[in-house]
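Novice: Assemble chain P onto chain C, guided by the hints.
Listed below, chain by chain, are the residues.
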Amino acid sequence: MPADHSALMGITRALLWLILGLVAAAILFVLVAGGALAVAWPDIVVEAKKSGVFLDAAAMRPQLFALLALLLAILAATVDVLRQLQALVASAAADPFIPENAGRLRRIGWALVAVHLLALPLGWVAGSIAKATSKFAAMGGINLTGILAILLAFVLAAVFERGAAMRDELEGTV
Amino acid sequence: MAIVVKLDELLHAKRMTLTDLSERIGITLANLSILKTGKAKAMRFSTLEAICAELDCQPGDLLAHEADS
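Sequence order for the protein chains is C and P.
For the first sequence, this note's numbering gives the first residue as 1, with consecutive numbering after it.
For the second sequence, this note's numbering gives the first residue as 175, with consecutive numbering after it.
Hints may be right or wrong, so weigh each one.
Claimed, not checked - Cβ pair distances, simulated, as ranges:
#: 1; chain 1: P; residue 1: Glu-197; chain 2: C; residue 2: Gly-146; range: 52 to 62 Å
#: 2; chain 1: C; residue 1: Leu-117; chain 2: P; residue 2: Gly-200; range: 31 to 41 Å
#: 3; chain 1: P; residue 1: Ala-204; chain 2: C; residue 2: Ser-6; range: 43 to 53 Å
#: 4; chain 1: C; residue 1: Phe-29; chain 2: P; residue 2: Ala-216; range: 24 to 34 Å
#: 5; chain 1: P; residue 1: Ala-238; chain 2: C; residue 2: Ala-92; range: 36 to 46 Å
#: 6; chain 1: C; residue 1: Ala-7; chain 2: P; residue 2: Ala-204; range: 43 to 53 Å
#: 7; chain 1: P; residue 1: Glu-228; chain 2: C; residue 2: Ile-11; range: 26 to 36 Å
#: 8; chain 1: C; residue 1: Gly-103; chain 2: P; residue 2: Ala-241; range: 34 to 44 Å
#: 9; chain 1: P; residue 1: Thr-211; chain 2: C; residue 2: Ala-93; range: 36 to 46 Å
#: 10; chain 1: P; residue 1: Ala-227; chain 2: C; residue 2: Leu-18; range: 38 to 48 Å
Stated by the list, open to error - Far from chain C, by Cβ distances over 10 Å, these chain P residues were calculated:
#: 11; residue: Lys-180
#: 12; residue: Glu-183
#: 13; residue: Leu-185
#: 14; residue: Gly-200
#: 15; residue: Asn-205
#: 16; residue: Ile-208
#: 17; residue: Lys-215
#: 18; residue: Ala-227
#: 19; residue: Glu-228
#: 20; residue: Asp-235
#: 21; residue: Asp-242
Everything labelled a hint here was simulated from the structure, so no lab data went into it.
Even glycine gets a Cβ: it sits at the ideal position worked out from N, Cα and C.
One chain only, chain C, in its complex shape (with noise of 0.2 Å):
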C-alpha cells in the first residue's frame, strides 16, 4: 500500500476510536438521563419549574423517555457502522477484496437505514417537546447526505462481492 494511503488509514483508525468515544460518550449520557428520569422525576419537574424550561414539564415525561430510547436505538446502531468500519479498515491493510467485508458493508446499509427509519420518529417527538420549550433544538428527520451514503454502502458492498469473486478465480491460477 502506498506511504499516502497508510496515512490516511492511520488517521481514519484513530477518528473511527474517536467517534467510537463520543458515542461510548453519548450513550452514557443517554443511560445516566434515563436513569434520573425513572428515579428523580419529581425532582427534574421541580428544578425545571424553577427554571422555566418546559411550560408544562409534567406532561413531557413520555415524551423524554421516547426520545431517549430512540438516541440509544440509534447510538446502537452507530457503533454496529463504526465497529463494522474499523474492520473493514483493518482487513484494508492486507486483503479487502473478501466475502466477509462485502457481509460488512452490507450491514452498515443496513444499520444506516435503521438509522434513518429512527430518526422520523425522533424528529416527530423532538418537535413534540420542542412546541413546548424555547429551548430544544430540532432533531432527526430524513437528510439527503444519508440516503446517499446508504446507497454508497449498498453498491460497495455489491462491488466487493464481485472483487471477492473474482479474488477467489485469480487465487488458483498459475
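Specialist: Leaving out everything else, chain P in the frame of chain C:
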C-alpha cells in the same frame, strides 16, 4: 477436475526436477506444485508457453481431458 496436468511425466521424461523447472522458467515452486498436484483452478498462457518452451513439448502433452467418473 476433468483436466489432468501431466507435468510429472514430462519432468520424468526430461530427467528434470520441479525445482529445476521453477528456476528455469521463473515460476515459484509453490505455484508449480499447485499445478502439478491438479489443485490449480486456471493456467495463464504465459505459464503454459514457458513450460512448453522449457520442456520442448506441446500444450496437449501437458494437459489432458479425462471424463469425470
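Novice: Compare the structure with each hint and give your call.
Specialist: Each hint, compared with the structure:
1. P:Glu-197 x C:Gly-146: 52 to 62 Å: 58 Å, holds
2. C:Leu-117 x P:Gly-200: 31 to 41 Å: 57 Å, violated
3. P:Ala-204 x C:Ser-6: 43 to 53 Å: 27 Å, violated
4. C:Phe-29 x P:Ala-216: 24 to 34 Å: 56 Å, violated
5. P:Ala-238 x C:Ala-92: 36 to 46 Å: 42 Å, holds
6. C:Ala-7 x P:Ala-204: 43 to 53 Å: Violated - the Cβ-Cβ distance for C:Ala-7 and P:Ala-204, about 33 Å, lies outside 43 to 53 Å.
7. P:Glu-228 x C:Ile-11: 26 to 36 Å: 49 Å, violated
8. C:Gly-103 x P:Ala-241: 34 to 44 Å: 38 Å, holds
9. P:Thr-211 x C:Ala-93: 36 to 46 Å: 31 Å, violated
10. P:Ala-227 x C:Leu-18: 38 to 48 Å: 57 Å, violated
11. Lys-180: At about 15 Å from chain C, P:Lys-180 clears the 10 Å cut-off, so the statement holds.
12. Glu-183: Correct as stated: the minimum Cβ-Cβ distance to chain C is 18 Å, above 10 Å.
13. Leu-185: 15 Å, holds
14. Gly-200: The claim holds: P:Gly-200 sits with its nearest Cβ about 13 Å from chain C, beyond 10 Å.
15. Asn-205: 5 Å, violated
16. Ile-208: 6 Å, violated
17. Lys-215: 3 Å, violated
18. Ala-227: P:Ala-227 is indeed farther than 10 Å from all Cβ atoms of chain C, at 16 Å.
19. Glu-228: At about 15 Å from chain C, P:Glu-228 clears the 10 Å cut-off, so the statement holds.
20. Asp-235: Per Cβ check, P:Asp-235 is outside 10 Å of chain C; nearest 17 Å; holds.
21. Asp-242: 18 Å, holds
When each numbered hint is compared with the structure, violations occur for hints 2, 3, 4, 6, 7, 9, 10, 15, 16 and 17.
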